[in-house]
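Novice: Sequence:
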Amino acid sequence: MSSVNARCQARRIVDVDISGAVAFAPEEGELRRLADGVYWSRLPLPYAPFHVNCYVLDDEDGWLIVEAGIDSPDTRRVWQMLLDGPLASKPVNRLVVTHWHSDHVGLAGWLVAETGAALIMSDQEFSRAWKHCALGRTERRAQESEHLRRHGADVRQLAPWLDAGFDYLSHMSPLPSAYESPAAGTAFRIGSDTFRVVHLGGHSPAALGLYSPSSHIFICGDQIAPEFVPSVGQLSDSAGQDVLSDYLSSVLSIRDALPADTLVLPGHQEPNMNLHESIDRIVAYHRKVDGRILETARDAPISAAELVPLMSRKAADDVWLGFTISRAIAYATRLTTHEHRAPDRRGRWRCRALPHRRALMTNSERNTMPDSPDDPRFQLVAPESADSIRALVCEELGPPSNLSLRTIARHTLTPSSVRIRVHAAGINFPDVLVIAGTYQVKRPLPLVPGSECAGVVVEVGAEVDSVQVGDRVLAVPLVGCFSEEVVVNAIDVFRIPDALSFASAASFPIIYGTSGHALLDRGRLREGDTVLVNGAGGGIGLAAVEIAYAAGATVIASASSAEKREVALRHGASYTIDHTSENVSSRVAELTNGRGVDVVVDPVGGDAFDSGLRSLAGVVVSW
Numbered sequence: 018m019s020s021v022n023a024r025c026q027a028r029r030i031v032d033v034d035i036s037g038a039v040a041f042a043p044e045e046g047e048l049r050r051l052a053d054g055v056y057w058s059r060l061p062l063p064y065a066p067f068h069v070n071c072y073v074l075d076d077e078d079g080w081l082i083v084e085a086g087i088d089s090p091d092t093r094r095v096w097q098m099l100l101d102g103p104l105a106s107k108p109v110n111r112l113v114v115t116h117w118h119s120d121h122v123g124l125a126g127w128l129v130a131e132t133g134a135a136l137i138m139s140d141q142e143f144s145r146a147w148k149h150c151a152l153g154r155t156e157r158r159a160q161e162s163e164h165l166r167r168h169g170a171d172v173r174q175l176a177p178w179l180d181a182g183f184d185y186l187s188h189m190s191p192l193p194s195a196y197e198s199p200a201a202g203t204a205f206r207i208g209s210d211t212f213r214v215v216h217l218g219g220h221s222p223a224a225l226g227l228y229s230p231s232s233h234i235f236i237c238g239d240q241i242a243p244e245f246v247p248s249v250g251q252l253s254d255s256a257g258q259d260v261l262s263d264y265l266s267s268v269l270s271i272r273d274a275l276p277a278d279t280l281v282l283p284g285h286q287e288p289n290m291n292l293h294e295s296i297d298r299i300v301a302y303h304r305k306v307d308g309r310i311l312e313t314a315r316d317a318p319i320s321a322a323e324l325v326p327l328m329s330r331k332a333a334d335d336v337w338l339g340f341t342i343s344r345a346i347a348y349a350t351r352l353t354t355h356e357h358r359a360p361d362r363r364g365r366w367r368c369r370a371l372p373h374r375r376a377l378m379t380n381s382e383r384n385t386m387p388d389s390p391d392d393p394r395f396q397l398v399a400p401e402s403a404d405s406i407r408a409l410v411c412e413e414l415g416p417p418s419n420l421s422l423r424t425i426a427r428h429t430l431t432p433s434s435v436r437i438r439v440h441a442a443g444i445n446f447p448d449v450l451v452i453a454g455t456y457q458v459k460r461p462l463p464l465v466p467g468s469e470c471a472g473v474v475v476e477v478g479a480e481v482d483s484v485q486v487g488d489r490v491l492a493v494p495l496v497g498c499f500s501e502e503v504v505v506n507a508i509d510v511f512r513i514p515d516a517l518s519f520a521s522a523a524s525f526p527i528i529y530g531t532s533g534h535a536l537l538d539r540g541r542l543r544e545g546d547t548v549l550v551n552g553a554g555g556g557i558g559l560a561a562v563e564i565a566y567a568a569g570a571t572v573i574a575s576a577s578s579a580e581k582r583e584v585a586l587r588h589g590a591s592y593t594i595d596h597t598s599e600n601v602s603s604r605v606a607e608l609t610n611g612r613g614v615d616v617v618v619d620p621v622g623g624d625a626f627d628s629g630l631r632s633l634a635g636v637v638v639s640w
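Quick note on numbering: the sequence shown equals residues 18 to 640 in my numbering.
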C-alpha cells in the first residue's frame, strides 16, 4: 500500500453535532457525518470561496455523491483520497450534479469514468454545460463582451473578469455522453430514507435539489447560502429571461414549503439550520436594491451599467464589476418585458420603470397580487397608441440597410390565430432574400420581414385551444417577426419550456427544421449510416452534425477553419476535413474504406457539391 493510500485508509468518518452552523469543515479526504447516512466533504477551488461542498449519501449497496468539483490536479487528488479511503468499501453508484457551473460539474466526466457512476443532471443544466464546452473560450468571450457592451459596460475595464470567467473548458473534464434527467418530484430511495428531486431556478436554469420530507434535509446547491446572497446575474445565454423573478419565486416557495428546522446543505459555506433566516435576508437585500433602482429608473431610461453604483461597493474592483453588471442586467430585465427598451446613439440598451411599477413584493404581499398574464411590472414602454406597434419595415427592395423603424397598425386577430408579444426574433438568410426581392415567394410592399420568433401569448382567437394567454411560445410565420407583436396562425405556434431562453427558442425552428428535414425526410438517415456535412461551421451545418449524431450516424464534418472543425467535433462529428487544403472525396474514401457516405448534406453548393457527389454511396441533399 502506498503512503498516500495508507493515510487515506487511516482517515476516520467524523460525527458532527449541528446547531445553527457547523464550526469546523472537513479536512482533505475526510467525511463528516451530518445525519444517518449523510456525510459532508470539501473539494478545493483556486478562487474564492476556495471550496465547494460535496455530500455523500449511503445508498446501502453503494454511494450517491452530490457535486463533482472543478477539474484541477488538487480536486483529483482529494477525490483519489476519498475513493481510496472512506469510500473504498462500496462502489459509487450515482453522481448528482446540481447545476452547470464548472465548480460543480467540472470533474463529472472524470468521476464517471473512474467509478462507473450514473450522472444525474437536469436536461437544461447538462445542455448548458455542453454548450459552453462546445462554444470555446474565444467565441464565448466575444459573445459576452457584446452582451455587456450593449448594456453600457466598458469592455476594456472588464477584461480581467472576462479573461478569468470564460475559460470554461480549462476547468472541465470531458462530459459523459449519457446522463439521467429526473423530473421534479422524482423519489430517490437512498438507504432507509427517501429524497425527492426539487427544481431550482434563477441562479441557473433548472438546478437540481434533493429534499427528504422525513428527515428534513435539503441539498440545495448554490440556491441558498447562510452568509452571502447567491449571485443572480444575466449573461448572454439567459438574455430575455427574468432570472431574478425566477430566483425569488423559487426561494420564497422553498420558505413556504420547508420547515424552519430543515438541515440545509449548501454548495458553499457550512451546513446549517437557518433556512428561513437565510431566505429572509436574501429577499430583504433584493428588495432594498430593487427599490433604489426603481426610483432611479422611473424618470428616464438608464443602462444596466449605470445601475452598478446602486448595487455593490465591491464594484470598483474589475473582477467584481463584471459580476455586478451581470446582476444589474437582471434587475434591468425586471423593468421591461423585453431585455431592453431601445438602443441609444452609442448602441447601448436602456430600460425604464413605468410609473405604476412596484418594488419587489414582501413575502406576505406576494400572495395578494392578482394573477395576470400581462404583468405591468414587465411592460415595455408604451407605443404611441394602443392600436399601434413598432416594426422594422421594408418599403423598398434592396439590402437590409433599407429597413426602417416605423409605427404601424396592430394586426387583426382572426378566430384561428394567436397574438404574440415578441421577445426575440431569429435572423435567417431567407429574410435577406425577402428584403432583396429574390425569394421564391414574392410579397407586396411594404412588408415586415422575419421568419421566426419567440415571445408570450397575449391574445388568442375564439377557435384556438392549443395555447393560452401567458404561454411562452415560438412561432414560424415566415414573415412579420421583426416587430413588437405578431399575429400567427395557431398551427405555427408551439409552447416552449420555461428554462429555454427566448433567444434560443427564436433561433431554433428554421435551422433545426431545415437540417432535420434534409437528413431524416429527404436523406432517409438511419442509425449506423455515415454522413458528410459540408459547411459544418454554419448554423445549418452545425445543426445537421448534432441531428445526425443524435440519430446514431457517423459524422464527417467539412469546414474551412480549425476553430469551426473543433466546434463540429464537440457537437458530435467523428472526423473533420479541411476542404481548403484537403481533397474531400479522397479523404472520405480513406475514412470509409473506399465505400463513400450514405448521405451528403450540402447547404453550400459549388465545388462542395461536386466533392459531395464524388464521395457518395447513397443520397445527396443540397439546396
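Incorrect hints may have been included.
Unchecked claim - Quick list of the computed label-pair ranges, beta carbon to beta carbon:
id: 1; residue 1: Glu244; residue 2: Phe446; range: 47 to 53 angstroms
id: 2; residue 1: Ser266; residue 2: Ala42; range: 30 to 36 angstroms
id: 3; residue 1: Arg173; residue 2: Leu414; range: 53 to 59 angstroms
id: 4; residue 1: Leu450; residue 2: Glu156; range: 25 to 31 angstroms
It is worth saying that the hints were derived from the structure and are not from the lab. Each residue gets a CB set at the ideal place from its N, CA and C atoms; glycine is no exception.
Novice: Could you run down the list of hints and mark each one as holding or not?
Specialist: Hints, verified against the model:
Taken as a hint, the range 47 to 53 angstroms holds for the pair Glu244 and Phe446, whose Cβ atoms sit roughly 52 angstroms apart. A hinted range of 30 to 36 angstroms holds for the C-beta pair Ser266 and Ala42, which are about 32 angstroms apart. Under the hint 53 to 59 angstroms, the C-beta atoms of Arg173 and Leu414, about 40 angstroms apart, miss the expected range. Checking the proposed 25 to 31 angstroms range against Leu450 and Glu156 shows it holds: the Cβ atoms sit about 27 angstroms from each other.
Of the numbered hints listed earlier, the single one contradicted by the structure is hint 3.
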